[in-house]
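Protein sequence lines, in the order shown, are assigned to chains A and B. My numbering numbers the first residue of the first sequence as 1 and each following residue consecutively. My numbering numbers the first residue of the second sequence as 1001 and each following residue consecutively.
Don't read these hints as lab results, they were simulated from the structure. There may be inaccurate statements among the hints.
25 Å max Cα-Cα, derived DSS-like pairs, lysine-lysine [said to hold, decoys possible]:
1. B:LYS1154 to A:LYS146
2. B:LYS1234 to A:LYS146
3. B:LYS1397 to A:LYS146
To spell it out: a stretch of chain B is covered by chain A in this simulated footprint if at least three of its residues, at any positions, have a beta carbon under 8 Å from a beta carbon of chain A; those stretches are [to be verified]:
4. 1029-1037
5. 1278-1284
Residues from chain B that keep clear of chain A, each with C-beta distances beyond 10 Å, as calculated [to be verified]:
6. GLY1011
7. ALA1040
8. ALA1196
9. LEU1357
We put the CB at the ideal spot given by N, CA and C, even for glycine.
One letter stands for each residue in the lines below.
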Amino acid sequence: MSRTWAFLSNYLIYSAMAVYTLSFFAHAVETAWAVKIPDEAAPKTLDYKRTEKVARIATAMMILGFLLLLAGVIARGVSAGRVPWGNMYEFSITGALAFSGAYLAALRKYDLRWLGLLVSTAVLLTLGTAVAVLYRPSAPLVPALKSTWLVIHVSAAIISGGVFLLANTIAAAYLYLDSMESKGERTAWAKRLPSLEYLDQLSYRLVAFVFPLWTFAVIAGAIWAESAWGRYWGWDPKETWAFITWVAYAAYLHARVTIGWRGRRAAWLCLFAGSTFLFNYIYVNIWGTGKHTYSGL
Amino acid sequence: MNQELQIPELGAIGLLRYAWRQLTSMRTALILLMLLGVAAIPGSLIPQRTQNPMAVSAAFKSSPGLSRMMDRFSLFDVYGSPWFSAIYILLFISLIGCVFPRTIEHFHASRALPPNTPKNLNRMESYSTWPAAGNELELARAWFKKNRFRVLEKDSSISAEKGFLRETGNLFFHLALILILLGISFSSLFGMRGEAILNVGERFVNTPTSYDSLSYGKLFKDGKLVNFIMTIDKFEAKYNVVTNAPEDYILNVTLRRGDLVTSEKHVIKVNSPLTLGSTKIYLQANGYSPVVTVRDSAGNVAMQGPIPFLPQDANLRSTGAIKVPDADPQVGFVGSFVPTYGRSKGGGAVSVFPDALDPRLLLSAWSGDLGLDSGTPQSVYRIDTSSMKEIGLKSLKPGEIFTYAGGAITFEGYVQWVNLQIVDDPGKNYALLGAIVAILGLLASLFTRRRRIWIRAGEVVEVAGLAKNAAPGLEEEIANFVQYLKGEK
Ligand code: HEM
């Protein structure tokens, strides 16, 4: 029974990857068409109708990919009889889910479709690495993970991570467009993208929105550590880097609110803070020592 | 020309006051906080004594010069180092110095009325004006009341303000940080933490001598150790037969508190420690203790009992030492215990499963001086064989006997051991409370917008606003307000 669910989960995740690939191509085609000047006589005006249909397909594929991935993650959980957060393979597929979920949620409110190319690439890379490198058979949890706090702490951390990375992607887009503008005009394709100010505000809002959740994730981790390891804070590498990420984002928020940083400097600080999060996930999970060694590698 | 540097005459008090102002400025606090973040990095990359003493001694062995140098800067003990402590103590002082005056200021400010309506409203944000109908002030009053603005009415104008919760939340957040730091210091002064390895069947009396390691805060009193006696009844480890990974550890104990005669049974698991007031008992690790009997050549028992061995891999191949100091000459065994015996490709013994399905004890026997009287402390898990001679090598199944020149050792079987951590952390509830308040304060300060809205009514109505920190949404709010005033909503 649990084997069946595990197989089902794998198939769902492969299908999700196939669908994300379609989404990637649709976004790529849309971008390419938009970049190509459609009419020599009227340069730099765009044929929106032609790209609109492709763009819709791209987003539809993104939604379908998200649903398949969601089903895959749930099936993985069912196969093991627990939440699917027991090793790095599972963290990665859930992280990809959170990232594309954050994108889709933000897409409902903000003009973000142009970001789909980057998002689908990142999701495919994450899932590809998960399947090829990190895969481990479905198994019950090690005793230290058997706790309600697993659900609370890890879900808060993964959701924060998804939104942080989305803010990072937007900050990166900001820097790219900013350097393009400082050299001259935006290219035809880039003209359709939102203004720099919009991107700047958007990445700030995303960070301000999840910063309390991240704070909560760290505190929930401390409460759990108290019940599992007998101390709530021990400067374990994972804890240390969670703290560093927290400090970095607090600095980012302060820099904006109290010193009034905007634009390029704020975007770099945002990227820096996000990279401490990624460092924690990748480096500390795989090469780090300490008590958080649940990567299963 | 000799230009004299112009230094204002501050005097000692002035200098102190200046230093205090610098230290308690927001900028300094932030720099200190970031410094704390940066200072935390080396400890996550360099092995730390408190977490990984083995790696530290390995570093000392492989590059002693560099390691000694690093040790001088406390790089193997970053989080207890003077420079790390200095940063957070300064941060602590800075926070206190900055937050308390601000709290008082905010308390006064929150009871004050909003300032007068500015003269030139058209210089403010979201300005709009239209011919008056006459009832605007009345409507405005109602709208401000409904939306819980604080208002000041003067000369047919209303100045309204909202969003004090932002600063309130912010102050609570910062006060909560202080509470967390207080909780941590309280624990480190009044807390205790100790570890003990116990074989199944053994009894633990909670006195300092029962611990393998024990540390307590400067103000902790010995006599404050909770009075209890605990017997390790049973330990069960369940493993997954496919992945060999542990699935559950269950420890059954019998506890007798204080001077009570009655005893209670308890189950301790990895995520559910046993709680005795502010003291908690945690199950931290487990392993195997082979049970052996050593006899001299005359058949007299020279040593008997379970000897804890330390696990070396996920399948619990464990190593340890059996020392017989009373034999003449002294005898020692360097041992390796495998719970489920298998052979590696190279022919050595390995463990293929962590449960004890087919246990073996592999021993090499040594004769000579164990070095127990040399004065240097010795690990109970290792034997310094430098002044000993190897006298035999044998692999034993339970019940088998290994006879060597001068005696014999019987492998009787095994028991499991558990490593218990006993912790008294009296400050942690303050830290937890601080953490909860910090989150609530953070939410309030991040999601409250502080803004002012003004209205002046005469021939024409004028409306405008001002958002602090360029908080978004003011335009929309004023548009709503205007619609309301015009009776469109
Ligand atoms: C001397 C000490 C400090 C002072 C006076 C101070 C002051 C402030 C002020 C005025 C704001 C709000 C900005 C505004 O809304 O107008 C703020 C926000 C904040 N502070 Fe501090 N701060 C101090 C230290 C710290 C420390 C040590 C931390 C972190 C551990 C911190 C974390 C934050 C965060 C996360 C915010 C929210 C940012 C936002 O409002 O967008 N502050 N602080």
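Okay, the hints, checked on the actual structure:
For the proposed pair LYS1154 of chain B and LYS146 of chain A, the alpha carbon gap of about 64 Å is over 25 Å, so the pair is violated. For a cut-off of 25 Å, the pair hint linking LYS1234 of chain B to LYS146 of chain A stands: about 21 Å separates their Cα positions. A threshold of 25 Å between alpha carbons decides the hint, and for LYS1397 of chain B with LYS146 of chain A the separation of about 35 Å lies outside it, so the pair is violated. With 5 residues carrying a beta carbon less than 8 Å from a beta carbon of chain A, the segment 1029-1037 of chain B meets the three-residue requirement, and the given coverage holds.
A stretch counts as covered by a chain when three or more of its residues have a beta carbon under 8 Å from one of that chain; for the segment 1278-1284 of chain B and chain A the count is 3, and the coverage holds. Its beta-carbon lying about 32 Å from the closest one in chain A, GLY1011 of chain B satisfies the requirement of being farther than 10 Å from that chain. A beta-carbon of chain A comes within 10 Å of the beta-carbon of ALA1040 of chain B; the shortest separation is about 5 Å. Here ALA1196 of chain B stays apart from chain A, with its beta-carbon at least about 13 Å from theirs, past the 10 Å limit.
In this structure LEU1357 of chain B is separated from chain A by more than 10 Å, as the shortest Cβ-Cβ distance comes to about 20 Å.
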